[in-house]
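Line by line, the protein sequences give chains X and C. Taking this note's numbering, the leading residue of the first sequence gets 1, the next gets one more, and so forth. Taking this note's numbering, the leading residue of the second sequence gets 1, the next gets one more, and so forth.
Rather than coming from a laboratory, the hints here were simulated on the basis of the structure. Because the structure is a prediction, the values reported are computed rather than measured. Glycine residues also receive a C-beta, built at the ideal position from the N, C-alpha and C atoms. Fair warning: there could be bad hints in the mix.
Below, a list of computed lysine-lysine pairs in the BS3-like style, where the Cα atoms sit at most 30 Å apart [unchecked claim]:
#: 1; chain 1: C; residue 1: K59; chain 2: X; residue 2: K61
#: 2; chain 1: C; residue 1: K128; chain 2: C; residue 2: K95
#: 3; chain 1: C; residue 1: K150; chain 2: X; residue 2: K61
#: 4; chain 1: C; residue 1: K125; chain 2: C; residue 2: K59
#: 5; chain 1: C; residue 1: K150; chain 2: X; residue 2: K71
#: 6; chain 1: C; residue 1: K97; chain 2: C; residue 2: K150
#: 7; chain 1: C; residue 1: K128; chain 2: C; residue 2: K256
#: 8; chain 1: C; residue 1: K178; chain 2: X; residue 2: K61
#: 9; chain 1: X; residue 1: K61; chain 2: C; residue 2: K175
Reference listing, derived: stretches of chain C covered by chain X, where coverage requires no fewer than 3 residues with Cβ under 8 Å from a Cβ of chain X [stated by the list, open to error]:
#: 10; region: 191-202
#: 11; region: 228-239
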Amino acid sequence: MWMDHPGWVLFGTWVAALFTLGIATFLYKDNPVYKFCEAVFVGISAGYWFVSYFWQTLLPKLGYPFYAGVKTVFVGPAEWGWLVLLIPGTLGMMMLLRLVPKAGWIARWPLAFIVGYTAGLRLITFLQSNAMTQLQNSVQPVVRYNESGQFLGWESFNILLVTVGTFAGLFYFFFSQEHKGVFGRVARVGTWFLMITFGAAFGYTVMGRMSLLIGRLDFLLADWLHLIR
Amino acid sequence: MAENPTEMKPGLFDRLMRIDRRVIFIFISVALIVPLFFNISQRIQVSPEVQMLNDAMNKVPDGGLVLFAMDYDPPSAPELQPMAVAAFKVALAKKFKMVIIGLWPQGPMQANMAFETATHDPRFKDVKLTYGVDYVNLGFQSGNEAVIQKMGSDIPTTFPRDYAGTPVDQLPLMKGIKNLGNFDFMVNISAGYPGTREWVQFGADRFGLKMVSGSTAVQTTEMSPYVGKQLLGLMGGMRGAAEFEQVSGYPGRAIKFMVGQSVAHVIVIVFIVIGNIAYFATRKRKGA
Chain X
1 MWMDHPGWVL FGTWVAALFT LGIATFLYKD NPVYKFCEAV FVGISAGYWF
51 VSYFWQTLLP KLGYPFYAGV KTVFVGPAEW GWLVLLIPGT LGMMMLLRLV
101 PKAGWIARWP LAFIVGYTAG LRLITFLQSN AMTQLQNSVQ PVVRYNESGQ
151 FLGWESFNIL LVTVGTFAGL FYFFFSQEHK GVFGRVARVG TWFLMITFGA
201 AFGYTVMGRM SLLIGRLDFL LADWLHLIR
Chain C
1 MAENPTEMKP GLFDRLMRID RRVIFIFISV ALIVPLFFNI SQRIQVSPEV
51 QMLNDAMNKV PDGGLVLFAM DYDPPSAPEL QPMAVAAFKV ALAKKFKMVI
101 IGLWPQGPMQ ANMAFETATH DPRFKDVKLT YGVDYVNLGF QSGNEAVIQK
151 MGSDIPTTFP RDYAGTPVDQ LPLMKGIKNL GNFDFMVNIS AGYPGTREWV
201 QFGADRFGLK MVSGSTAVQT TEMSPYVGKQ LLGLMGGMRG AAEFEQVSGY
251 PGRAIKFMVG QSVAHVIVIV FIVIGNIAYF ATRKRKGA
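Please model the entire structure based on the sequences and the hints provided.
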């Protein structure tokens, strides 16, 4: 393919490197170079997703089957299963009416369909996977032994910690009683567990952002400047 | 203008409280760049979650049918690509039959890149793979969790063609694959929605798919509760990738990058400590 030509690869690498540096200039302060790179990125992203959805969703899921179905009516033998595509097609067009101020309210109907469908689908799965199954996984004997009957201290401690954390966390989210006395103290333990969880999540987020930065630095130093292998 | 004699000269802690964020950026940049120039590595302690993942993959019989769902895109590649490469290397070593899909448009492309990197490992130079027989890439399919739901009952109609447009009934590997129940195992590399959560909810819990996951660091704490019965192992972020490279015996880029990552973390911790000391010291003085 023409894109694999070394000249184009080199050109692409330079463009990517210069835009990376352009975006990085924001670390010093906001500036026109950063604004330019940001605008180009937003524009290209919007264009990419539009093209992607058009070719990978709209045409294969609606356009091509619709065309093939209509064709059978004229060429034969006629098939009528394609008529069902009129429903999503119409809902999709109703959604686009948001762009027309006077008819914008019509877009609420397909939106209501999406909300209803998603809520129905997710309600069951979350109840099954995030509530029932995890509840089942949490109810375990706190004292653990291995197959030869040896006490497993660390595993037992871990399960005890999970049990205490689950109970205390649930107490914290019990708002129909004032958090005072023993109830309040248990709820406070729940707060600590929540804080530790948020801290762990923040720590992971920092690691994630560092990883992205390492990826960019590796690109600049290896692929662009060839300073490292 | 004459200096106000009543104005206190800023002390060390005051200056630390007003430290320019760009100073921190420089420290972090140096910490990340310098290790890249040296061939140094650090000891990687393998976590139970990654050990479980490796054990689960090794329990799959040689030549087993494995589904690879690559649900990520280039922005997440620094964290997730090393996981994908290492997972493919394990798959090559165990001669798995691989079916690759993506619920993210760029996922299958990332999978191709990871697969190519894995096959270029000198340890697999004698491995002869035939597309359509040993592995297939069915490409992207839009529909998020609905795709997984449909795969539970009928894969050929969910993915009628592969990545290159070949009808699946012309691919020998796809003959006999009807639904998710035909797979021995699944590896999901996920950067968000749709991803591991949806595969657990629809693939594992509903259709009994045995699966492991590699996820971005940001969503690791959300996926951790699934580890056990729902998820047979989890790699979280670059650290998880490095652990998997270590335990699987295929060291790669994640291990290389972990040195810089660790140094940068130490610097962040040092700045947090300095910031807190300065905060309490200046607060105490203001209170006095």
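Here is what the structure says about each hint:
no.: 1; hint: C:K59 / X:K61; in the structure: 38 Å, violated
no.: 2; hint: C:K128 / C:K95; in the structure: 10 Å, holds
no.: 3; hint: C:K150 / X:K61; in the structure: 14 Å, holds
no.: 4; hint: C:K125 / C:K59; in the structure: 24 Å, holds
no.: 5; hint: C:K150 / X:K71; in the structure: 27 Å, holds
no.: 6; hint: C:K97 / C:K150; in the structure: 22 Å, holds
no.: 7; hint: C:K128 / C:K256; in the structure: 29 Å, holds
no.: 8; hint: C:K178 / X:K61; in the structure: 21 Å, holds
no.: 9; hint: X:K61 / C:K175; in the structure: 24 Å, holds
no.: 10; hint: 191-202; in the structure: holds (count 3)
no.: 11; hint: 228-239; in the structure: holds (count 7)
In summary, the one numbered hint that this structure violates is 1.
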